[in-house]
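K.L.:
These are the residues of each chain, in order.
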Amino acid sequence: MTGYIVRRLLQAIPVLLGTTFLIYFMVFAMPGDPIVALFGDKTPPPQVIEALREKYHLDQPFIVQYFLFLGGIFRGDFGTSFSGEPVSEILVRTFPVTLQLAVIAVFFEMVFGIAVGLISGLRKGGIFDASALVVSLILISLPIFVIAFVCQWLFGIQLQWFRATVGAGAPIQDLILPAIVLATISFAQIVRLTRASVIDTDGQDFVRTAASKGLSRGRIVPVHILRNSLIPVVTYLAVDFGVLMVGATVTEGIFNVPGVGNTLYQAIIRGEGPTVVSFVTVMVLIYLVVNLLVDLLYAVLDPRIRYAK
Amino acid sequence: MKIKRIGVAAIALAAAGALTLAGCSSSAPESTGAAGGGIITTNGSEPQNPLVPTNTNETGGGKILDAIFAGLVYYDAEGAPHNDVAESIETEDAQNYTIKLREGLTFTNGEPVNANSFVDAWNYGADTANGPQLSQYFFESIKGFSYDESVPELPGLVVVDDTTFTVELNQPESDFPLRLGYSAFYPLPASAFDDIEAFGNNPVGNGPYMLDGDGAWKHNERIDLTVNPDYDGPRAPKNDGLSIIFYASQDAAYADLQADNLDVLDAIPDSALATYEDEFGDRAVNQPAAIFQSFTIPGRLPHFDGEEGKLRRQALSLAIDRDEVTEVIFNGTRTPASDFTSPVIDGFSDSIPGSEVLDFDATKAKELWAQADAISPWDGTFQIAYNADGGHAGWVDAVTNQLKNNLGIDASGAPYPTFAEARTLITNRTIQTAFRSGWQADYPALFNFLGPLYGTGAGSNDGDYSNPEVDALLTQGLAETDLAAANEKFQAAQEILFQDLPAIPLWYSNVNGAWSTQVENVQFGWNSVPLYYEITKGE
Numbered sequence: 001m002t003g004y005i006v007r008r009l010l011q012a013i014p015v016l017l018g019t020t021f022l023i024y025f026m027v028f029a030m031p032g033d034p035i036v037a038l039f040g041d042k043t044p045p046p047q048v049i050e051a052l053r054e055k056y057h058l059d060q061p062f063i064v065q066y067f068l069f070l071g072g073i074f075r076g077d078f079g080t081s082f083s084g085e086p087v088s089e090i091l092v093r094t095f096p097v098t099l100q101l102a103v104i105a106v107f108f109e110m111v112f113g114i115a116v117g118l119i120s121g122l123r124k125g126g127i128f129d130a131s132a133l134v135v136s137l138i139l140i141s142l143p144i145f146v147i148a149f150v151c152q153w154l155f156g157i158q159l160q161w162f163r164a165t166v167g168a169g170a171p172i173q174d175l176i177l178p179a180i181v182l183a184t185i186s187f188a189q190i191v192r193l194t195r196a197s198v199i200d201t202d203g204q205d206f207v208r209t210a211a212s213k214g215l216s217r218g219r220i221v222p223v224h225i226l227r228n229s230l231i232p233v234v235t236y237l238a239v240d241f242g243v244l245m246v247g248a249t250v251t252e253g254i255f256n257v258p259g260v261g262n263t264l265y266q267a268i269i270r271g272e273g274p275t276v277v278s279f280v281t282v283m284v285l286i287y288l289v290v291n292l293l294v295d296l297l298y299a300v301l302d303p304r305i306r307y308a309k
Numbered sequence: 001m002k003i004k005r006i007g008v009a010a011i012a013l014a015a016a017g018a019l020t021l022a023g024c025s026s027s028a029p030e031s032t033g034a035a036g037g038g039i040i041t042t043n044g045s046e047p048q049n050p051l052v053p054t055n056t057n058e059t060g061g062g063k064i065l066d067a068i069f070a071g072l073v074y075y076d077a078e079g080a081p082h083n084d085v086a087e088s089i090e091t092e093d094a095q096n097y098t099i100k101l102r103e104g105l106t107f108t109n110g111e112p113v114n115a116n117s118f119v120d121a122w123n124y125g126a127d128t129a130n131g132p133q134l135s136q137y138f139f140e141s142i143k144g145f146s147y148d149e150s151v152p153e154l155p156g157l158v159v160v161d162d163t164t165f166t167v168e169l170n171q172p173e174s175d176f177p178l179r180l181g182y183s184a185f186y187p188l189p190a191s192a193f194d195d196i197e198a199f200g201n202n203p204v205g206n207g208p209y210m211l212d213g214d215g216a217w218k219h220n221e222r223i224d225l226t227v228n229p230d231y232d233g234p235r236a237p238k239n240d241g242l243s244i245i246f247y248a249s250q251d252a253a254y255a256d257l258q259a260d261n262l263d264v265l266d267a268i269p270d271s272a273l274a275t276y277e278d279e280f281g282d283r284a285v286n287q288p289a290a291i292f293q294s295f296t297i298p299g300r301l302p303h304f305d306g307e308e309g310k311l312r313r314q315a316l317s318l319a320i321d322r323d324e325v326t327e328v329i330f331n332g333t334r335t336p337a338s339d340f341t342s343p344v345i346d347g348f349s350d351s352i353p354g355s356e357v358l359d360f361d362a363t364k365a366k367e368l369w370a371q372a373d374a375i376s377p378w379d380g381t382f383q384i385a386y387n388a389d390g391g392h393a394g395w396v397d398a399v400t401n402q403l404k405n406n407l408g409i410d411a412s413g414a415p416y417p418t419f420a421e422a423r424t425l426i427t428n429r430t431i432q433t434a435f436r437s438g439w440q441a442d443y444p445a446l447f448n449f450l451g452p453l454y455g456t457g458a459g460s461n462d463g464d465y466s467n468p469e470v471d472a473l474l475t476q477g478l479a480e481t482d483l484a485a486a487n488e489k490f491q492a493a494q495e496i497l498f499q500d501l502p503a504i505p506l507w508y509s510n511v512n513g514a515w516s517t518q519v520e521n522v523q524f525g526w527n528s529v530p531l532y533y534e535i536t537k538g539e
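Taken in order, these protein sequences are the chains called A and B. Under full-length UniProt numbering, the residue at position 187 of the first sequence is numbered 187, and the numbers go up by one with no gaps. Under full-length UniProt numbering, the residue at position 191 of the second sequence is numbered 191, and the numbers go up by one with no gaps.
The shape of chain A in the complex, shown without the other chains (with noise of 0.2 Å):
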């Protein structure tokens, strides 16, 4: 087990120079002159540009830059945004409070997601399942800007259950009405995959052999059925923690949370390279452990796994 984790530790290292090299080049090559955008629509004195260039390392080559950028990495410089504040300042800051979202959202969709989606999946057919079906068809059809306009008017400004956007110091209690826009879309996502691997399993031998051996049903679902139509909706939470880590600048926007999404959006706007790549760096490396976790966890869900190994 422990080489299976460093052989897959290892492999991380050539993902992240592949993604961080790709992610400078792209920012790189974003037309246009970012130190000229930061004077608006005045034009500032030549001298003044190009000191600032020279600051930044614009006025080298790419591959000097994306190298300037990397030997700094190694020295625990993540480099400086043009606002002067340390990359690695930002980092520590946005990151925390996209992973509670993240997280938050996470158990939303998990926790609703899986229960919905096993009351169907046994009542398949009845009045529940179908309108499960109508309502997780909706969720997924609607852009999740609409939904979060809608909850953050609704909840937010007519009903003021929850403050339309983030306070101070993002609370907790702040972040829930986000959390759940951003998991509405994954919730129906779950619900659909939880029911159809639900009616397979139920369908399967050893339910029946479970059944008829005697079990009470209040044991053959939690144990049987349950446990063994999980593993492709835990495969889907693993990729989809991800995708919210990233995904969550719409949602961010909108109800002005001070996280990643918010931050990196910015960055891209103003072309800051090493914001962009920093934080995207760190977004592959949490993809990366999060999907090392869900592949040991499988181990967990299903001896065939772990015994293959």
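If you're looking for bench data, these hints aren't it; they were derived computationally from the structure. Since the structure is predicted, the reported quantities are computational estimates derived from the model, not experimental observations.
Using 30 Å as the maximum straight-line C-alpha spacing, the simulated DSS-like pairs for lysine-lysine come out as follows:
#1 B:Lys404 to B:Lys364
#2 B:Lys310 to A:Lys42
#3 B:Lys366 to B:Lys404
#4 B:Lys366 to B:Lys310
#5 B:Lys310 to B:Lys404
#6 A:Lys55 to B:Lys218
#7 A:Lys42 to A:Lys55
#8 B:Lys143 to A:Lys55
#9 B:Lys143 to A:Lys42
#10 B:Lys310 to B:Lys364
#11 B:Lys100 to B:Lys143
Following the hints, position chain B against chain A.
P.N.:
Structure of chain B alone, referenced to chain A:
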């Protein structure tokens, strides 16, 4: 055994959750509700730079600097300058100024505000050895300034005594005193120069407000300001403090205003422009700001120089129905232009001879276009370049459609994906079409709208316009020590601009804002920022 494995799975999941949550504990929850008492909450944006006055050129940081610093002068709601730290600013020739300060003023750390506080701060901002400063160009006109070599102490700045210093400019510039309320000219305490980066994160000022303790600037979230008890200037706050909350999107800020989480908002999102005045009634503001919008036609484009160019420019201007565009596209949140400056500037006039060229007249437009065709026949498409990330597509399409219909020519917009790309092409002079242009004044003076844009070789003269008569009038205006006489010259320069039309004036941006039921006495200044110190909040 089986139960145990499920248990392990649960633990693994919980561990994954805990791992991520553990990383989150650094951001401790704080009080969330709108700040209590008489603290005004308002919108802002994360400053793009450490809060060093000479290195801040955007509104997010400027708004904070204006609250925590007091300059020699400040601007009232109409944009007129009044003395703040200055006792008097005197000149005989518009080139040599003697500035006297009020006595006994201090920064919030106890250091005195004296002549050196200003001279050292300006020298710092002007010296290229301190790295590029975004507002460095403000010191260009002081004697001795150079971009090419480091000048640690400008010879044009002389400290006479504790409360007096003199400024010598390279040439007469009568609007120099008008500039002195801009953040680039704020004083700095001596301690600032020990570590300017650290200072920028926890700035110490001398203004009506001060930072609410160390770390009051919570990056990307907010900055909390409290009243500076030592400030005795004309901007004494009528509230208990100011919380500027940074919003990444105007929609989020607007939602907070609707939910009464926010007291004052000075930017209404596009999605609410059509409805916000109905919703907020007399708590809404929609008035012209010091922002001039236009499109610039470089003289180097074929058919746009000489007599032919003049005729075509006038025809284009006459073919645009500005009232219709501002009403239909902007819901009345722009004011059709009537000159090259802005109505909020002292000396503005809406009846400069030649300004008729801004009135919609399709017949005359066609006539002039035909006259130009007689000189050299038109071919090709007339295009207006714009950055697609700035919400310009709507009006560009409307304007080019009007040109198409009223002049019978092919016209269209030329979008560039990003602002950076469009600006780079414009700066490098590689753009081959007309392009969207605009100007937001740094300080309330007519010259600020004209000199940097239309003077020969001026910094932001992106269309490379050059007319010796305009140059002469601008220089004469600057040499006048009497503001009214100076403005007369600047209006005369505009008369020529109306004939040459280096840029086609379109409209002035309005300031669109609103405030909650909890505050009163909200007034917006000449620079579209509310006069925060005047706002009162009920308990």
